[in-house]
Each structure stands twice: as structure tokens, then as C-alpha cells.
Amino acid sequence: MKKNNTSYNQILKSTTIFGGSQFVVIVAGIIRAKVVALLLGTTGVGFIGIYQSVIETLRSACSMGLDTAGVKEIAQARQEEDEDEDTFNKTATRFNKWFKTSAVIGFIICIGLSYPISIWAFDSDEYSFYIAALSVCVFLAILTSGRTTLLQGIRRIPEIAKSTIIGSIAGLVMTIPLYYIFGIEGILPSFIGTGLISFICVEYFYRKQNIKRVPLSYKETYQTGLQSLKLGIFIVSATFIGTASMFAVKAFITHTIDIETAGLFQSAWAITNVSLILILRSMGSDFFPRLSAISDDKNKTKQLVNEQTYIVLIISSPVIVGMIAFSGLVISILYSSDFIPANSLLQWQVAGTFLKVLSWPIAFILLAKNKGLLFLFSEVVYYIIYLLSGYILSSDYGLNAWGIAYLVAYAIYLPIVYLGARHVSDFVWSSNIIKMAIINFSLIGCAFGISRFEIEYGIFIEIAIFILSTGYALFKLSKVFRPSDLKNWFKHKDS
Numbered sequence: 107m108k109k110n111n112t113s114y115n116q117i118l119k120s121t122t123i124f125g126g127s128q129f130v131v132i133v134a135g136i137i138r139a140k141v142v143a144l145l146l147g148t149t150g151v152g153f154i155g156i157y158q159s160v161i162e163t164l165r166s167a168c169s170m171g172l173d174t175a176g177v178k179e180i181a182q183a184r185q186e187e188d189e190d191e192d193t194f195n196k197t198a199t200r201f202n203k204w205f206k207t208s209a210v211i212g213f214i215i216c217i218g219l220s221y222p223i224s225i226w227a228f229d230s231d232e233y234s235f236y237i238a239a240l241s242v243c244v245f246l247a248i249l250t251s252g253r254t255t256l257l258q259g260i261r262r263i264p265e266i267a268k269s270t271i272i273g274s275i276a277g278l279v280m281t282i283p284l285y286y287i288f289g290i291e292g293i294l295p296s297f298i299g300t301g302l303i304s305f306i307c308v309e310y311f312y313r314k315q316n317i318k319r320v321p322l323s324y325k326e327t328y329q330t331g332l333q334s335l336k337l338g339i340f341i342v343s344a345t346f347i348g349t350a351s352m353f354a355v356k357a358f359i360t361h362t363i364d365i366e367t368a369g370l371f372q373s374a375w376a377i378t379n380v381s382l383i384l385i386l387r388s389m390g391s392d393f394f395p396r397l398s399a400i401s402d403d404k405n406k407t408k409q410l411v412n413e414q415t416y417i418v419l420i421i422s423s424p425v426i427v428g429m430i431a432f433s434g435l436v437i438s439i440l441y442s443s444d445f446i447p448a449n450s451l452l453q454w455q456v457a458g459t460f461l462k463v464l465s466w467p468i469a470f471i472l473l474a475k476n477k478g479l480l481f482l483f484s485e486v487v488y489y490i491i492y493l494l495s496g497y498i499l500s501s502d503y504g505l506n507a508w509g510i511a512y513l514v515a516y517a518i519y520l521p522i523v524y525l526g527a528r529h530v531s532d533f534v535w536s537s538n539i540i541k542m543a544i545i546n547f548s549l550i551g552c553a554f555g556i557s558r559f560e561i562e563y564g565i566f567i568e569i570a571i572f573i574l575s576t577g578y579a580l581f582k583l584s585k586v587f588r589p590s591d592l593k594n595w596f597k598h599k600d601s
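The opening residue of the sequence shown carries number 107 in the working numbering; numbering runs sequentially from there.
Keep in mind that the hints were calculated from the coordinates and are not lab data. Don't take each hint at face value.
To be verified - Below, in silico cross-link-like pairs of lysine-lysine (DSBU-like), each with a Cα-Cα straight-line distance of 35 Å or less: (1) Lys196 x Lys406; (2) Lys268 x Lys585; (3) Lys268 x Lys318.
Produce the entire structure from the sequences given, and follow the hints as far as they go.
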């Protein structure tokens, strides 16, 4: 395995750089969540969750999947830049025009749908103005996504990391006074302000790349972008279904229980996402462009995906065990004791994330191979299972139903994407990956079982499992990485 250390180091480097920036984001998010929990309570968290769903749903729909499809095409154009620089510049210009047009469309749609969204989410038109005002956030979010897509495509990971760090800190500094002074009324200006800051940061680093703008009519922009648009439509359909499903779940909880319980759901969901940010963001930023460039070579694809999965298992498993063991403490630290009822939901969801991180590297094969319909099918199946399971179980298990549904849905999703990847690229897990997955699954299962059955002195057993999981991860890391390899990380700027 030592002979493949260069590739593992590449994955570790990008994960570490992005992980460092995401650590800052996480810390800023922890502080922000704590402030929101203390100043606004579960009601404020519920409002924020619904507003975020509105912004993300419209951003996803109006971006038309180009934030993912664009990374693939830009990465390929960048690889060919030495032979034809004009092709790369045209590709960059085309995507810039697409995103600007999408931003305007998103702005208009958000205003136009403000009334029905308010009725659906709050059973009242009282919040129509606030939803309409979120149009500014949608506009900025799409523009930010466009610039980030360009940076991801050319694999400017350090620039993305710097932009993220600066934006998170500046956004936090601006947000806290608004919540303190205006309370719940400060949520809207906080959203707009943080959106503007994020755009300014990524725009600054984008302009430093000196990407040339070339004359390109809107007709030519449309015609040359059809291939990406076709893949993008499948991606946006899947993303839209996902964000709309989350919005529907929050609205369902608000209607059937109350906004406070929706706040509990949002807190558990946010913590679950925090535990995944480091892994999943690095995959989207560096792994996907690399995979896209070699997707026609089945052997290289198999090798890269197995290497990525190896690193994913090393990082994720101790995190998942720790989150299960200390979920109550995590909730109290990140939010407050008022959010402890979300503890059980969080444990179910965190257990499900193990299946999620296993499936994601494989799912990227479908995108890299332009199998948009197959990708969409797998996503639709996941959300159908998730929504149906949650709805059916909610009468008996209440809020916990959605955590159980999360685990069940990914248990079905994983074999679907695995079989799909095997069909389009002859992909199979290596025997080493299978062994690692079984061992880590067993450790996570033990920690989860102890937490669910509340065994006496169970916390001490969970701590022992956490130490064992961490030790195993470090052992597997030592097989592909040496501390002396760190000195090579800074020799090549683009590696």
C-alpha cells in the first residue's frame, strides 16, 4: 500500500486543508448556535431552519445543478488548457453567465412564491414579507455558488478555504449583535448580511485567478452548455427533492406538533451535518474534479474511489462513535439543556451517517460518468423511503421517527448506488475496504446499542469503544501516511 502513498497524501492534504477551514466554520457555527439557543430559544432555531430550507431549496432549483456539473466540465477544460486556453476561458465565461441568469431567476421566484410558502410553512400569510426578503439571500447564494464552482473546478482548495474562514468569522461578528439587539427580528438581516459577506469573500479570491472573460452571446452560452445542463437537470432534480423534502419534514413537524419541536429537529440535523462537513465538503471540492478527469479509466476510477473510502473510514468512524457516546453533552454544549429531547434523534441520525459516508464516494462515480438519470433514481428512492418511513413511524415514535427513517433510508440507498456504480464502471470495494467497514460498523453498532439500552456504566464502555475506534483509525492511517510526508504537502501549490 506504500506505493500508493502519493494519492493518499493528496486526499489527506485536501481533506486537512478543507478540514482546517471547516473547523473554523464549525467553531463559528457552535458559537452562533449557542447564541441563537440562548437568545432566541427553540422557536428561533425553528424559524432559522425553515428560512434556511427556503433559501437552499430555491438556490438548488435555480442553479439547475450547474454547481456540480460545472465542476466536472471546468476540471476537464482546465486539464486541456495547455492545448487550448481559449476553450477554458469560454467554459468559465459560459458558467458565469449561467449563474448570473440563475440568480436573477431565483430572486424573482422567491418574491413570487412568498405568499404560498408562508401559508404552507406557517399556516399564515403573516411571514410573506420575510419570505420575500429572503430573495436577496437566494440571489447572493447562487452567485456565491457560481464563483465557488469555478474555484473548485480549477482545484483552488486553499482559496476556497480562506474564503470560507474569513466569511465565517466576519458573519459571526455581524450576527451576534443583531440577535442580541433585535431578537427574532434580527434573523432576516443576519441572513442577508452573512450572504453578502460570503459573496464578497469568494468574489475576491475568484478575481485573483485572472480568468479571462471572452465574448459569448447568450445563444452560444445556451448551445455550448447543453451537455452540462442535461446532467445539471438530473442533479438539480435530486437536490431539489432533497431540500424540498427537508422543508416538508420541518413543516410537517411544525403543523403536527409545534415550532419548538421543529427547532429540536433542526438542532439534531445541524449537529449531524457538522460531523459530516469535513468529509463531504472535501469530496466535493477535490475528489470529484480528480474523479471526473479519470472517469473513462475504470481501473483508475476503482483505485481512487477505494482510496477515498479508506480515508473516509479513518476519519468518520471515531467521530461517529464519539458523537453517539457523548450526544447529550454535545447538544448541551452546542445549544442548551432545552434541546436535550433531541438526543435520541441525534443518535439515530449519526448512526445512519456511517452508511452515508460509505455511499457518497460511490455516488460520485455516477456523476463523473454522466449517469444523471441513475443518480436521480437513487436519490428519489432514498427520499421516498425517508419520508414514508418517517411519516409511518411518527405516530409511534414521535420525533425519533425521523432519525430511524434516516438510518433505514441509507441502508437501502447504499446497495442501490453500489450496484449502479458496478454497472457503469465495474466498481467493487477492495477486500481491505470491506474489512475496515465491517470492523467500524461493529464498533459503531456496539456504541449505539449501549446508548439505546442505557446499560449501567455504559458510558465507560462507550469511552472504551471510542478509544478502540480511534486507535484502529490511527493504525490504518499509519499504513498510508508518515509524519515526514507533511513536508511534501507544501512543495506544489496545486497538488
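Original post:
If you check each hint against the structure, which ones fail?
Top reply: The structure conflicts with no hint, since it agrees with every one listed earlier.
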